[in-house]
Structures are given as structure tokens and as C-alpha cells.
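Listed below, chain by chain, are the residues.
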Amino acid sequence: MSRRKARIGLRTRLVLAFLLVAAISAATTATLAYRAARTAILKQAQDTAVSSLRDRVQRLGTSLPVETQSLREQLLAIARQGKPRTWVVFAEYGSVRVSSGTSPVSTVITPALREAALANPHGAFQRVDKGGTPYLTVAMPTVFRAGKTARPTGLVVYAVMPLNEEEIQVRAMVTAARDGAFPGLAAALVPALLAARSVLRPVRDLRKAARNMGSGRLDTRIPVKGSDELADLARTFNESAVELERTVGELRAAEARARRFASDVSHELRTPLAGMLAVTEVLDEDAARLAPDTAAAVRLISAETGKLAVLVEDLMEISRFDARAAELNADEVDVAQAIRKTLTSRHWTDPAQVVTDLPEGIRARLDPRRFDVVVANLVGNALRHGSAPVTVRLRTETCGNGPTGDHGAVRVVTEVEDSGPGIPADALPHIFERFYKADAARTRSAGSGLGLAITLENVRLHGGTVRAANGPAGGAVFTVTIPLTGEEATE
Amino acid sequence: MPRVLLIEDDPSVREGIGLGLRRRGHEVRTTPTGEAGLAAIGEFRPDLLLLDLMLPGMNGVQVCRQVREAGQLPIIMLTARGDDFDVVIGLEAGADDYIVKPARTEVIEARIRAVLRRIEEPAGRAAVEFQGDLAIDRAGLNVAKAGERMALAPSELKLLLYLSAAPEQVFSRQQLLEQVWEHSYHGDARLVDACVRRLRNKIEDQPGSPRYIQTVRGFGYRFGPL
Amino acid sequence: MKYPCTAVGRAVAACATAATLLTGCGVQKTGVIEVGGPATVMAADPKGQYLLFFLSTEERLTPVVRFQEDYGLPGHTEPVDAPTDITALFAGPLADERAAGLRTELPKLNGPVGVSTSPGKVQIVLPLAVRPLGKPAVRQLVCTAAFAQDGDGTAEVTLQGEDGALPPARC
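So the sequence lines, in the order shown, correspond to chains A, B and C. Counted from 1, the first sequence has number 105 at position 105 by my numbering; the numbering is strictly sequential. Counted from 1, the second sequence has number 1086 at position 86 by my numbering; the numbering is strictly sequential. Counted from 1, the third sequence has number 2013 at position 13 by my numbering; the numbering is strictly sequential.
Quick caveat, the hints were computed from the structure, so don't treat them as lab data. Errors might be hidden in some of the hints.
Each computed DSSO-like pair below joins lysine-lysine, with the alpha-carbon atoms no more than 30 angstroms apart [unchecked claim]: (1) K2135/C / K148/A; (2) K307/A / K341/A; (3) K2029/C / K130/A; (4) K2135/C / K83/A.
Covered, in the sense of this in silico footprint (three residues per stretch, anywhere, with C-beta under 8 angstroms from a C-beta of chain B), are these stretches of chain A [what the hints assert, rightly or not]: (5) 58-68; (6) 73-87; (7) 154-166; (8) 368-382.
Positions of the beta carbon are idealized from the N, C-alpha and C atoms, including for glycine.
Throw the hints in and build the complete structure from the sequences for me.
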């Protein structure tokens, strides 16, 4: 039902309504004109017939009672002078029946006409239909003048005239009206379509604008033309759009302010930290020579300064991602070598700590610095929260139908698996959130709490994905998948 | 021990870095502005300039350009943000390396040493090598093109010496970062790219289609073939 | 479903109505319509003409014209001789009149008719009982007497019989 409703669209309905109006007005006009013309045609014929019959009958010379033979001769003369066309004339007087035709009595004249003619000395006519042919029957009673009054003589002359020609004229008018109506309706289709268009165009504009708004282009406006209901609708739409844009703009500005604040705070912290971090060495070296309490305090300050520097650095990094200011400085690198360099520079070379499975010869287009952060964060995380040995595996995979639908795209997969108890199921969905602590008891980890969030952002910047899961052996497995776009990028 | 001039506007940073470096035996002079620093160069005759990019008045990049015009004093920029566009501008202006604040003294010192370190000479080579129009004097550490001596910044000279020591061998950016700048493998490849651009502008006839320092797409750079 | 159907239905209905309006009517039948007066065929000449009223087959008063010459009287006397006229009426229609379907309802007359006139008034004295006379018969008498009195036929006629007089009447 609703499908059916949808199929008969606004355009169809408008055009139908337009045609309906056109049809009704055409029909009404045609009918009225037809009626007037028909009346005129018939009136002309009737009036002519009645008055000419009266003229003829008044010239009748008759005696009373009528003399049949001479009456018949006179009727024949009247019949020849029929107006507007030939007619058959009948005369009735008492029981005398005379006619100009073959039959002395007409079968067309109705008793009502006879009755009226005898009862009332007035000329009268009646249109009758006999066997499909329309006839005009005229009754002309005769009177004689007696002094000031006139009295009926009892003689009534009738004329019977077929209306074939009038019928043909009337029918021709019907045909003309009908033949005129259809081209008229076809012509009405043009303004109907134009009108539908003028209504539908704003509707279409509105739909497009609404879709644009939906897809986030809040500066979409509709040109307001005229002052009709559609213009009102457009104006209302524009007002709503202005309001929406303002609200969203405010929200965005507030969000941007919050981000800028975080970024500014981190940035402001760097300058004092730069001075502090430069002298931590001095503190560490001289701590041994201080009183035990002072030494402990000094070492604490030194250590925490270092952590604070890492935290601020990570916060800066995150706020760069939030501001979409992070750049990918991609270079084509040997992935196995890059991972090895990461492990070596962090001194994770003991096989009891980190086991590697790094096949040679995989080259990918990566940002080496960011990839280093990813691997270092994952391995560092595994060593901190899981337990050694941590296995780092590298492989490539060809996905038949990747999420982007690119057939045969090759991706680099890096897996970091630890030998710990794994990640609790309820923590898995949140593991990449900022400052998320899987172990609630531990209030502050050795890291900044942003490591995995930064890892996620870095992988995303490469167009890849990172997943956390628990392996078959129970340890946590982090899988980084990055498209190997290097080959295409370097021809 | 090298003499280090530190131009830094923030007093605590100036004092902290100065303290740390002096503890490690460096002779350190600090100035709060670029103008004062430029004045101090002639008198103090430093071996290396540590230059904060954000300075009141004359900024770090301007100081860097002036120093480069005057000579080959090694310059290490101090910057607040490693990703900044300022870093690229500073490198283009002729800085040899940069350090992101905050940094530990040991990191700063390692950079200083790396910048000042001479490239190890391959044994048994002629003192002066001729490569095309270039005359490379490995002992005298200078390069002449068509008989004219070129003013190369320390990092530029080191890169040219390193690449020309093994002509036609391709080095990745990561390798060059490790070998020439002594950065980690994962350092900032923009250092290499900026240095290559500067070097090409000085030694190439047409920097747009280089002859000496050639790019091998997807791998890195090589010297020649001529 | 409902809305489009009614829309289309309305359109079809309107078109059908228009079509029947246009095609279904040629020349229509009418009732009897009176137009203008009758035809005047002749004038009654009061001089020398008798107008006698008989009844047609439909019980209508139908005048016939007789001339004084028909009764052996000199023509063009004025007024006509009323007793003669009434007597002729009682005699009934002639052969040609009967042939035209005229008849009378008056009985045979056995005795003279007396007529007395005054301006606008006629009194007929008949040798028979007038009350049993039917209405058509009375009208025959009244009209014939009125036209015998004057050419207009407007005189008031009183019928006096053996059983008394009828109220005065006009033709």
C-alpha cells in the first residue's frame, strides 16, 4: 500500500489535478456553449415554423363547416410553402381529417398537443421523437373574429416537420466540442508539467539541502524565491540551518578550546621541564654525597621529573593527533630491520625477554619514527603488564576482499604476544582508551597511560588497524595490520 | 672540551643546560637574545652553537642564517616541537641538527659530540679526490668546485664525504641518520632530506637534476655515477 | 491505494459526465409549448349571418355559419331574426354539417320561440322544460342567442321555459 502510494508521486498528482481542472472547465464551457447554441438553433426553427404556419393559415379561406375538398387543396398549397423546411400539414375539424400527405391523420401529433390546441386558442409546438427521428409538431387553432372578441372555429391546422438537419447541426457541435477538448487537454499538459516543475524544484532543492546538512555541510542554504508556502518552508529551513550551524559551531569551538588548552598546558610545562631535566643528572650524581633523607628526596625528584617529561611528551603527541596536526613522514623501509633496531635501541635483546620471528625482505612504506613508537609501546606494554618472553612476529597477508574492497591488497602484520595471563574480557574493549587501567589496583603504571592510545593513532595514521585479543596460550596478543603501499608508491 | 654558546631566552632552561654541560666539562657561554649571541661569537669563539628557535626580537632562524653566512660554525637547534614547521625552516636555514626540549644533558652532549665528530677516513686513499668538477680534500676537510672553495656546513661536508667515500653505493635515509648524524635508525629523515637539498644547491650545476647526490626512489641516496 | 484511486476515479467520472453531456443529447423531446396567438381565419359578419353552435365529437361548441338567404329572408338585415335562428338551431345540423361530425343535444321543438331583447340582454322563451336540458345543450342555446342579439356575442341570455327560467348566462 505505501509502495503504491509512493509510486504515484507529487508530479503525477499535480499533473492529474491540473488535467482534471482543465477537463472539467473544458467540459463545462463546451456544455454551456452547446446548450446555448442548440437552444438558438431550435428556437430559430420553431419560431419560424410557428409564425409561418400562422401566416399561411390566416390566409385560408374557409367556410363553416369546412368544405373538405377546398381545404385539402389549400393544405397542399401550405405544405409547399413550408418554412423553414417542407412540412406535412394536417387539418382537423370535428370529425373531419384532412392532410397534405398520404395519411389524413398524423401519428406524430400527440394527444397532449391536440388537447392544448382545442382547449386554448394559442399557437403551440411540441418536439417529439418518433422512431429515432426528431419532429417538430406545430398546432395552429383557428378563430374567427366576432366584433371585439375572437372565438375558436373548431378548425385546427397542424404542421409536422422533421428536425433532421437541426439534429445534424447539433451533433456536429458535439463532435466539434469533443475534438476541441482533447487537443486542449494535451495542451494543458504543458502548463501542468511546468507548474509541477515549479513546485517540485524547490522540493528537490530542499531534499538536496537536507542531505547536505545531514552529511555535515552546515553552511547549506536554500535560495528563497517568492513568498509562497514553499518559500516559507525554505526560509524556515534556512533559519533552522543557521541555528544548527551556530550551535554546532559553538560546540566545535568549545571542543577546540578544550584541546588547545590541553596542548597549551603541555607546551607550557615543557619549558620548566627542559631546565629541570637538564639538571637531573647533577642531582643523581650528587645524591650519594647528601644526607640519606635529602638524597632520597633528590632521587625522587629526579625520577619523577623524567616521568613527567615522558607524560608531557605523550600528551603533546596525543594533542597533535586530536588537532589532526600529526604528519606521516613515510619512507620505504625494511620492516624486519626496523623492528630489530627498535628492540636493540631499547636493549630488548635477551632471548629470555623477547623472541623474534622476523622474515627478511619485507619492505613497506612507513614512517620509521612512528612505527618505532608502535613496536616499542606494544613490546614495552607486554613486558610491563604481561610476562616474558614476548614474541614479536612479522608476516604479510594478502586479503582477497579487504575492507576497502581492493582486491589482492598486501598488508604487513606485526604481532606482539606475551606469556602473561592475558587481558580480562571486560577490559578488552577499553584497552586503547587514554589513561585506561586494566588493573584497577595499580593506580599508576610505569608508562604515561597514553602508550596504547598513541599506538592506535599512529597505526591509524598509516591507514592500518590494531587489535587486542588473547592468544590460544592465554597471553595477550596485539596485532598491527598496515597496508603495504610501498611497492605501488615507489613504482 | 668543546666551547658551547647557548642562546636561550628562558632563564631556567639557560641555567639548567648550562649547569649540566659545564658539569660534563664543557665551556659554556649563555646569552638570552640572538643579538647578544651574535655579538658573543666573535669574542667567545665557540666550537658549537646551541640555538633556541623561539627568541624574542631576532628569532632563531634569522640567527641561524647570519651565522651560516659568516662561516661553518656547527649549529644545533633547540625546539619545543619536533613536528613543527620551524624545524624544517631551521634545517633549511643551515642548522646541522636539532634537539627537542625537554632533553637530558646526556642526550644534548651526545648530539654535540656527534656533530663535532669527524668522519672516519677510509684508509689508503689519496688526500685529495677529484669527482667531476669537485675536489674533495678529506684531510683538509674542504671541498672545491672548479677550483673554488665551497663553504659547506659541518653536516653537509660530512654527508658529502660519507657518500663520496663509496661512490654509486645506495644508502637509505636511516643508514645516513645513523652514520652521519649518529641518530637512531628511527630518527627524523627530514634531517637528511634538508641537508641533501642544501648540499645540492651548493655543489650541483642544476639542483633540479642532480649529478653528484642522486636520489634512488624507494631506497635513498647515492653519490654519482658521474 | 485509497487516495490515488479516488483521484483517478474522480477524473474518470468527470470525463464520463462531460462525455455524456456532449454526446448523449441531440434534439430533445419537449412538452406542449404555447407560442403566440391563434390564426384568425374570418370575421363574423353580423349582417345577414346566423351563427349556430353545434357540438363537435369532443363535445366542443363549434360554430357554423348560415345566411338569411338560406331561410328565404332578405340578406343584410340587422339584426338577424333571432327566433328564426333559434328555431334553426333546434332543427339540428344540416347534412354537410353532420358529415363534419357536428351534432346537437337539443330536443325537437314543438311550438314557437319567443324572444325579447333589451340592450345587452336577451330572453328566450321556449315551449319546453329548460331544467332537464344538459349543459352542452344550454351552452348551444346561450351562444347562439347571444350572437343573434349582437355581433359580439356578449349579451346576457336568460332561458325561460315551461318550468321557469334558468339563471342569466353569457356565452
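Hints, one by one, checked against the model:
no.	hint	verdict
1	K2135/C / K148/A	holds (26 angstroms)
2	K307/A / K341/A	holds (24 angstroms)
3	K2029/C / K130/A	holds (10 angstroms)
4	K2135/C / K83/A	violated (42 angstroms)
5	58-68	violated (count 0)
6	73-87	violated (count 0)
7	154-166	violated (count 0)
8	368-382	holds (count 4)
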